[in-house]
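With the hints as a guide, bring the two chains together.
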Amino acid sequence: METSIWRALLYLVGLLAFAGVNAAWLGWCERKGAARIQRRIGPCEAGFAGLLQPIADGIKLMSKQLLVPQGVDGIIFRVAPILMMIPAITSMVAIPFSENIGARNLELSVLLLFALASLGMIAILLGGWASGNKYAIISAARSVSQNLAYEIPMLLTVITVVLMSGSLNLHDIAISQQGGFWHWNIFRVENGHFLTMWISFIIFFICSVAETNRAPFDMAEAESELVAGFMTEYGSMGFGLFMMGEYLNIVVGACLTATLFLGGWDCPFGLTPGIWWFLLKIYVLIFTFIWIRWTYPRTQIYRLLNLSWKILIPFSLANLMVTAALIKVF
Amino acid sequence: MQALVCQPTVAPALFSAEGMVGVIFLLTVALVVAGATIAVSARRLVRAVAGLAVCFTGLAGVYYFLLSPFLAMMQLLIYVGAVAILIAFGIMMVTPDEPQTVGMKRRTALVGPLAFSVAALIFAALSVLGLKTEWQVFPRQGASDIKAVGLSLLTTYGFVFELISIVLLMAIIGALVLARRGRN
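As given, the protein sequences belong to chains E and L, one line each in that order. Start counting the first sequence at 1; every next residue gets the next number (my numbering). Start counting the second sequence at 1001; every next residue gets the next number (my numbering).
One should not assume that every hint holds.
[Stated by the list, open to error] So these bits of chain E aren't anywhere near chain L, every CB distance computed over 12 Å:
| no. | residue |
| --- | --- |
| 1 | 18 |
| 2 | 27 |
| 3 | 271 |
[Claimed, not checked] Heads up, simulated SDA-like pairs for lysine to any residue below, C-alpha to C-alpha not over 25 Å straight-line:
| no. | chain 1 | residue 1 | chain 2 | residue 2 |
| --- | --- | --- | --- | --- |
| 4 | E | 328 | L | 1090 |
| 5 | E | 64 | E | 93 |
| 6 | E | 310 | L | 1090 |
| 7 | E | 60 | L | 1090 |
| 8 | E | 328 | E | 183 |
| 9 | L | 1147 | E | 64 |
| 10 | E | 328 | L | 1114 |
| 11 | E | 32 | E | 257 |
| 12 | E | 310 | E | 215 |
Hints in this document: simulated from the structure, not taken from any laboratory. All figures in this text were calculated on a predicted structure; none of them were measured in a lab. Ideal Cβ placement from N, Cα and C applies to all residues, glycine included.
Next comes chain L alone, as it looks inside the complex (with noise of 0.2 Å):
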């Protein structure tokens, strides 16, 4: 938890407590990326949740890096356990289990340059962004957040708060709305 040290000058030994804590972020990021492209590079749709959820539990270990382990929790609990489930659950009820060709004929031979220029000119930006930024130290906030959370949730965005579970509400009567519609 402590061994989130901020740009060290000399790469730690591997076999020392942070090398070790290095290899595990590098492993948490390689695990991002790896269900990332997984997500948007298989054809089977059950197969890209799958990597979603990997993409997910990656997310899940890099906010523990932050020093935030009940967002990391609830990354675990919400989008792993309950998303990534949902949507996969959505798929094998509505498609059948056949690899998706859809949208594959109409492809020029513009498309993929073009993808790459925007995302390499997103990747650039975001990169200078990051480089050139006055990074903020905000000092930590212990171990367990979860009081400071729950502390601003119901005082400093207490309105917001209150905003979204309206907006959940909305969207539970909705779906109870269209789905007992048709039966009698």
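Just chain E, same shape as in the assembly (with noise of 0.2 Å):
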């Protein structure tokens, strides 16, 4: 079963239909969102309450005439939005659904996520160089020191949990929390857990928002300051690839949390387990991006540095030490 041609088709299709779906009504739930937090209604033309207003824009998108600018390095220009995408959608295939459901149970998940995110770097780091354009390549700069800031304080928070459950795993690491919400990582009290994994989960939290440039981190295309940064060059699809290619890392960053420290497809309470927590689960997270998104103004660059230098990488160092040290003791 594991080798079937057909499981393989399937589960390319599914990922990518899972993928495109999120990707463009991602969108339309940010823009609804950003409405309501700020009193007003928010796309409503388009279909029953503007569902419809994401196949309009992806019309209007590949409709548009493929810009590309003068003095731009037309190679890697065109290959940034789709470097872009690639690592996002590949980050799917170790991501376990449920218990049955995950394309690949790969030993090494945990890893391959977090290899796979770094990648997306490059492409904005890329795309902004290819533009040269001023704003463009600030904003690259910024992105990618803010995402090898943020990485370290992930990286080390998630050590915490790989030690806490002993597994590289993203399925074993979830099997290890099946049972209620006593189980769940993040309000564990067996083995000290109770003591460094909520404050692991809030560094971790923090890091995703970081890593995936949403605000109050969104440094990397602060309009007051910028234009729309690294993608002020853009038009059309190509634009179109990097706003999906942010979505999708905030859906993968949603799933990691929901696996890591919220159980995964577990059920609260010990009733019918299965892909429908794991999918609540992840689109409650992805409501508190947009919520954070439209509560909280803008920070400054080197507050959000020294965030990570100052603050997060100390306290996650420590953390980890704790739970080391907890581990030894339990």
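Below, the structure is given as structure tokens:
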């Protein structure tokens, strides 16, 4: 069964559909969420409650001319948006959606997700540089320094979860948290989880907001300073791919958070665990992302870097040491 | 994963599982060669770094074929995700975005043939070495070799591991000293 070609094809189509639907309709969710938070209505003309808006946007983006301005580095300029999408979609392979739904049950799926996440950075860097635009280059530099800074505390906190569950396999980590919310890593009482895991969760969540370049950490596309950041020179579907890549990164980040800390596909009170609980969890997390974006104002780049280097990294290092000590004690 | 067949006597059919694996293997090798070629021949430094990143990605694929997924992931995470990005970052910060022409002026007629013959010699030597050596077949470590890696890092190679960490610590302190010089 594991090697059947139909299984591979089914997962290929299913994951692409999941990625595409999310990338398109999360934009709608974001616009609706932003509108409601700002006491507006948001998209409401196309279809019921504006639900057809993503299709209209897609048609508009695809029918626009693919403009390549003079002075850009042609090849890299065209490749960068594609490079943004590839790792985001590939990451879906390693995510366990439920006990039996998951394309590949890899031994090192946590590592794979982080390896792929670091590829997305290259897309932003190359896209910004190839544009040959000052705003774009400043934005790319900011974005990379931000991503490098937040990758360190993120990896350090993931190590605490890996230490506690003794596995680098997301499926195994999720299985070890089955049986009600008191077994989830974030709320767990046994083995001293309760002392460090909630700190890990907070650090991890802050880092995943920063890693996906979301407000209040969206220094890479700070409209008031940098026009549209690294996407300034991109029009039509090039811009569309960057946006979709950003939303897919949010989905992957939410999946990772749900699996590492919130029990994966487990039901909070022990009833009918399954993919629906996983989807519910990731969409609650994604809603939180949107909620945060439209609630907090943007910070400044040096504050952002100070937060990572001076607060999050020392805290996550201490957290790692305490976790290792707890494993020895209990 | 299991399909790294040692020297198949008959070439497998293209549309069998082994054939597909062979095609993917050739693709990864092509990625390495193409990336390396871009890296040495590109005029713009950032393109060269992009080629380097492509080469590293291909190498990760080769590691995967050598049954070491851990090394493959680390190759992606460290070499593509950190080293290539830091190089690109450094180039973007330091040099203006212009094609590099320094070093091209002093080319003489001898440079090309000399470089080619040296490269051909190295290639010939490596080929002879590869073909003549009696290769020892080591037992497979299994799909996840990370436990073995961790155990040997902390027991057999513990001293080396500590030395490397001291070197890294010195590099960090050195970078801090250099970066903070001139600040008040």
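Going through the hints against the structure:
1. 18: 23 Å, holds
2. 27: 27 Å, holds
3. 271: 33 Å, holds
4. 328(E) - 1090(L): 42 Å, violated
5. 64(E) - 93(E): Violated, at roughly 32 Å.
6. 310(E) - 1090(L): Measuring from Cα to Cα gives roughly 23 Å; hence the hint holds.
7. 60(E) - 1090(L): 38 Å, violated
8. 328(E) - 183(E): 20 Å, holds
9. 1147(L) - 64(E): At roughly 52 Å apart (the allowed maximum being 25 Å), residue 64(E) and residue 1147(L) break the hint.
10. 328(E) - 1114(L): With a Cα-Cα distance of about 61 Å, the restraint between residue 328(E) and residue 1114(L) is violated, given a limit of 25 Å.
11. 32(E) - 257(E): 24 Å, holds
12. 310(E) - 215(E): Holds, at roughly 20 Å.
Hint compliance for this structure: hints 4, 5, 7, 9 and 10 are not met, and every other hint is.
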